[in-house]
Amino acid sequence: MYRAAVAAPLAAAGLGLAGCSTAHITTPARSATEQLLISTAADQAAERLAGRLAVKGSVYVDAAGVEGYDTKYAISTVRDALLRHGAAMAPTRDVAATIVELRVGALSVDSESSLLGIPSIDIPLPVSGTSSTPEISLFKKELTQGVAKIAATAYDKTSGSLVASSGPQYGFSNRAEWVLLLMLSWDTNDLLPPDTRPDPKPWDD
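For the sequence shown, numbering that gives the first Met the number 0 assigns the number 0 to the initial residue and increments by one for each residue that follows.
Read the hints as simulated data drawn from the structure, not as lab findings.
Careful, some of the hints might be misleading.
Each pair of labels, with its calculated beta carbon distance range [claimed, not checked]:
id: 1; residue 1: 115; residue 2: 67; range: 26 to 32 Å
id: 2; residue 1: 138; residue 2: 160; range: 34 to 40 Å
id: 3; residue 1: 26; residue 2: 94; range: 21 to 27 Å
Below, in silico cross-link-like pairs of lysine-lysine (DSSO-like), each with a Cα-Cα straight-line distance of 30 Å or less [unchecked claim]:
id: 4; residue 1: 71; residue 2: 55
id: 5; residue 1: 156; residue 2: 71
id: 6; residue 1: 148; residue 2: 55
id: 7; residue 1: 71; residue 2: 139
id: 8; residue 1: 139; residue 2: 55
From a predicted model like this one, the values you see are computed outputs, not experimental measurements.
A virtual CB, placed ideally from N, CA and C, is assigned to each residue, including glycine.
Starting from the given sequences, assemble the full structure and let the hints guide the process.
Listed below in structure tokens is the structure:
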């Protein structure tokens, strides 16, 4: 009888434990939205740069002084823009007629928020540390903006004389999250063309 009495609660506990599972998903250091904000801003700045530079013939893009996150994409999108504006990419510096020296002044994101309501407040507790009150949002806007500043100087490879200078060219991208009357929420952005996502969306079924 004693063994049966012990076995019953253990079996019940085992059934309860067997019914629980947790899925672990590994996420990258940065979100796709952040990457889209930066790359979209870089695309805009590169397009403006190529239009201002207007170099023709054999061109080599010198990006030796460009460092940081997302710079490989920025360099490639500048090359793409130059090609579409009439330049021809030289495979090496030696065979190019014109050197385009690239520099990147900004390639990142900024965030700002505004709230009409009562913000969350941290409350110190003697035993458990701190707790927070819920935020009450009558109206809230959280804006994240991608910013790119790219410039280039084109010069003759043989003489070193100036061919063209783009001056700083800027690109901006935006994503805003809105909350109205605590419960209504939506977002707006200029990151994707309107026909990019499938319609109807599979996750809406």
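Checked hints:
1. 115 x 67: 26 to 32 Å: 37 Å, violated
2. 138 x 160: 34 to 40 Å: 57 Å, violated
3. 26 x 94: 21 to 27 Å: 44 Å, violated
4. 71 x 55: Within the cut-off at roughly 23 Å; holds.
5. 156 x 71: 24 Å, holds
6. 148 x 55: 23 Å, holds
7. 71 x 139: 35 Å, violated
8. 139 x 55: Distance ~49 Å between residue 139 and residue 55 Cα, so the pair is violated.
Violated hints, listed in ascending order, are 1, 2, 3, 7 and 8; each of the other numbered hints is respected by the structure.
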